[in-house]
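Peer 1: Here is what each chain is made of, one letter per residue.
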Amino acid sequence: MLELLQRAAPFLLQALWTTLWIGVVSFVLSLLVGLLVAVARMYGPWLLRAPAAVFVSVIRGTPLLTQILLVYYGLPQLGVTIEAIPAVILTLALHAGAYTSEDIRGGIQSVDRGQWEAGYSSGMTFAQVMRRIILPQAIQTITPSLGNRFITMIKETSLASVVTVVELTRVAEQIGSATFRYMQMFVIVAVIYWAVNSLLSLGQAKLEERMRRAYR
Amino acid sequence: MSHEQLHAGGGPHAHGGVCQIRAENIHKRFGPLEVLKGVSLTVNRGEVVVIMGPSGSGKTTLIRCLNLLEEPDQGKVMVCNLDVTSGEKPPSRTRSNTIRQLRVKAAMVFQSFNLYPHMTALGNTIEGPMQVLGMGREEATRVGEALLKKVGLSDKRDEHPSRLSGGQKQRVAIARALAMSPEVVLFDEPTSALDPELHEEVLQTMRQLAGEGMTMIVVTHEVAFAREVADRVVFMADGVVVEEGPPGEVLVNPKHPRTRSFLRLVEH
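One line per chain: the protein sequences are A and B, in this order.
My numbering numbers the first residue of the first sequence as 42 and each following residue consecutively.
My numbering numbers the first residue of the second sequence as 2 and each following residue consecutively.
By construction, these hints were calculated from the structure, which means they are not laboratory data.
Note that the coordinates shown come from a computational prediction; the quantities given were computed from them, not determined experimentally.
Incorrect hints may appear among the rest.
[To be verified] Restraint-style ranges between C-beta atoms, simulated for each label pair:
| id | chain 1 | residue 1 | chain 2 | residue 2 | range |
| --- | --- | --- | --- | --- | --- |
| 1 | B | Arg96 | A | Arg172 | 17 to 25 Å |
| 2 | B | Val267 | A | Leu88 | 45 to 53 Å |
| 3 | B | Arg96 | A | Val203 | 48 to 56 Å |
| 4 | A | Gln150 | B | Glu146 | 29 to 37 Å |
Glycine residues also receive a C-beta, built at the ideal position from the N, C-alpha and C atoms.
Chain B with its partners taken away, still in its complex shape (with noise of 0.2 Å):
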C-alpha cells in the first residue's frame, strides 16, 4: 500500500515569513441558505482566536472551511505556504493532494470527537502519523504515547473509546491532533457535547496547549476560556464577523449591539 508523504517540509517559516493561516473572502452557501457572506479572517503564529457567535452564524462553517472539510463556493483558504482557491478552477489531482497537505497543517477536534471505535487510544493517535506521514509503527508509538501522556491518558493507552468518558474522549482526539504536528489546531465546540463536570479537563488541556505557544483557533461559547486564554475574540452573527479585537475589549465593551445581546445570553 502507498504511504503517501504528505508532510512537506516546509515548516513554520516557509514561504518567505512566518506561517499564518488565513481565510479570504469566504462564501458557503448550503442550498437556499448563505452560511458565509464573505468572511476573512487571518491568525498569525502562536496566536489564540476563539470565535464566538450564535447558532447558524456560521462559526463552525468556518473552522470546517479552514480545514477544507467544507468546500467553500468562493474564496481562499491559506495555511503556511498552502493555499486552496475555491470556485475557479475544475477539481484536479494536484488540488486534491495540496487539500491533503492542508489538513495535515490544520488538524480538527470535532464537538462530536469522532473518535475510532475499533481502535484503541493508542491507536487513535499513530493512525494518522502512519498513514498519512508515512512513519513507523515504532516512531508513531513513541510520539503517541508522548502525546497520550501530555493529556494525561498514559494509563488509557490501551482503551478503547467506548471505555473513555466524554472528557477523556476529547483528550484523546486532542492528542490524535496533535500527533500529525499540525501548524494550527482547529477545535470546533470541543465541550460542547460534554456534561458541564467534564469541560474543565479539556479546557485545561487547551490551556496548557496555548501556553506552550500553539497556534489555535477555538470555536467555543465558554466565555471564560476566552477571556483567559484567547488573544483575540472574532465574533460573528449572519455569516459575516461583525466584531473582533482583543478579548479585554470585545468580551467587556462589545460595541455591535449584536455582540453585547450574545454575551447577555451566554454570561446570563
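If we strip away everything but chain A, and leave its shape as in the complex, we get (with noise of 0.2 Å):
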C-alpha cells in the first residue's frame, strides 16, 4: 500500500490539482451565473424572466451527468465542440449556478423591505442599493448554503472522469486499472476528497462565525 501510494504521488498531486482548479473556477462562475439568473428572475422584465426560469426548472430536474455529456458529446453535432475541461466548467458552472439563483433569491428576499426604501429615498439607483445595501446583508444569509455548494461542486468535479479529463477519480481508475488495485485507489482518492472537504468545512464554519459577529 505505502509503495502504491508513492509511485502514484505525483499523480494523485497532479489530478488533486486540475481538481480543484476545476472546482474553484466552475464555483467562481456559478456565483455569477446564480446572481444574473436571480436577478433576472425577481426583477427582470417578462421577456427574461421566463427564460431564467425555465432554465433554472431545466437545470434542476436533470442529471448533471446527462448535462455533460450532452455538452461535450451532444454539442459538436451542432458543429460546437467544447474541449473536455471548459465543457465540465461550463456545465458545472451553469448546474450550480441554478441552485445558486434559488439561495441568492432567498438571501435577497430575507432582507427587510426598509432597506430597499432607505436606499431608493436617499436617490440611489437599483444597482446601487443591491450593491451597497442589500448584497452585502443577503451574502450573510446565503454563506451557509453557499459553503455546501462548494463542497459539493468539489466532489462533482469528479463527474468530469467520463468525458476524460484526468482528475482525482480518472486518475484512481487508471491506476488501478494498471495494477490491479482497485481498491487501493479508490480508498485513498476517497480520503483525499474527504480531507479537502473536511478542511473546507472547517473554513466554513470559521467564515460563517465572523460573519455572525460582523456587525454586533
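Build the complex from these two chains, which are given one at a time in their own frames, with help from the hints.
Peer 2: Here it is as C-alpha cells:
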C-alpha cells in the first residue's frame, strides 16, 4: 500500500490540482450565473424572467451527468465543439448556478423591505442599492448554503472523469486498472476528497462565525 | 463604478422664487382601497408642518408620495424646481432621474429607522453622499462626523446599529438624512417605534433642526411637539385633508368633528 501510494503520489497530486482548480473556477462562475439568474427572475422584464425560470427548472430537473455528456458529446453534432475541461467547467457553472440562484433569491428576499426604501429614498439607483445595501446583507444569510455548494462542487468534479479529464477519480481508475488495485486506489482518492472537504468545512465554519460577529 | 452626480445645483432659490414643496391633487389606491383622494399640500421653505390623523387616514402614504417611495396614481409632486407628474406619461429614463434628484432634496426619516445594519453609524451617514452625490470619502467623513456631533452621537461613530438604542438609531437616521443636504426632511412617525422614555431625545433633535430653519414635514401623534414646534398642523381623515391651520387653532379649537374626536383620543 505504501509503495503504491509512493508511486501514485505524483499523479495524485497533479490530479488533485486539476480537481481543485476546476472546482474553484466553476464555483466562482456559478456565483456569477446564480446572481444573474436570481436578479433576472426577481426584477427582470417578463421576457427575461420566463427563460430564467425555465433554465432553473430544466437544470434542476435533469442529472448533472446527462448535462455533461450533452455538452461534451452532444454539442459537437451542432458544430459546437468544446474541449473537455471547458465543457465540464461550463456545465458545472450552469448547474450549480441554477441552484445558487435560488439561494441568492432567498437571501435577497430575506433583507427587510425598509432597506430598499432607505436606499431609494436617498436617491440611489437599483444597482447601487443592490450592491451597497442588499447584497452585503444577503451574503450573510447565503454563506452557509454557498459553503455547502462549494463542497458539493468539489465532489461533482469527479464526473469530469467520464469525459476524459484526468482528475482525482480518473487517476484512481487509471492506476487501478494498471495495477489491479482498484480498492486501494479508490480508498486513497476517497480519503483525499474527504480531507479536502473537511478542511473546507472548517473554513466555512470559521467564515460563518466571523460573519455572525461582523455587525455586532 | 459610476458615481452619478445628482446634486442638481439649483439650490433653494432656483425656479424664480422660494423653494416650495408641493403635492397637487394626489390620488393613491391600494387595490380596492383609495388611500388618498385628491390631497394637496404646499409647504414653504423653513416651515414645519405636522400631519396628524387617525391610522388609515393616508398621512404616511402622503409623506411617502412626497419622496416618490410611493408613486401616486395621479397628481403632481414638486420639490423646488423639480416636479414629477403621475398617471399620464409612461415611465422614462429622464423621469426616473428626476425622481432620484427629487429624493435627494426630500430626505426621509422612517418609523423603523431602516439604518444599514452592516455599516457603522458613520458609514450610514456617508453612504448617500458618497454613492449619490459623488462626494469623496474624506469630505463625506467630515460632513458625517459633524452631523453625528450635531445629533449628539460622536462617540457612537464606529458602532453598528445593533449596538445602539432606538433613540440613538433614530438620531443616526436623522444625521443620515441631513447628510444629503436636503431641502426638506420628511419624518414618518419618527417616535412611534420607540419606548416612551426615548421619545424626548429624538424630539429634541427635531426641535433643534426646526430652530435652525430646516423645512420639515412630520407625521406624528405627538401633540405637544406639534403645539410647540409646528407652524402649521394638517389634519387628515379618510384620505383627505379635513382641516389645517396654526397649531393654536387646529389643536386648541378644532372645527371639524373628526379632528375633535381624534384629539380627545390622543390627549386622553
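Peer 1: It remains to establish, for every hint, whether it holds in the given structure.
Peer 2: Going down the list of hints, with the structure as the test:
Roughly 23 Å separates the CB atoms of B:Arg96 and A:Arg172, a value that falls within the hinted 17 to 25 Å. The hinted range of 45 to 53 Å is satisfied by B:Val267 and A:Leu88, whose Cβ atoms lie roughly 51 Å apart. A hinted range of 48 to 56 Å holds for the C-beta pair B:Arg96 and A:Val203, which are about 54 Å apart. Our hint of 29 to 37 Å for A:Gln150 and B:Glu146 holds, since their Cβ atoms are close to 35 Å apart.
Checked against the numbered hints above, the structure violates none of them.
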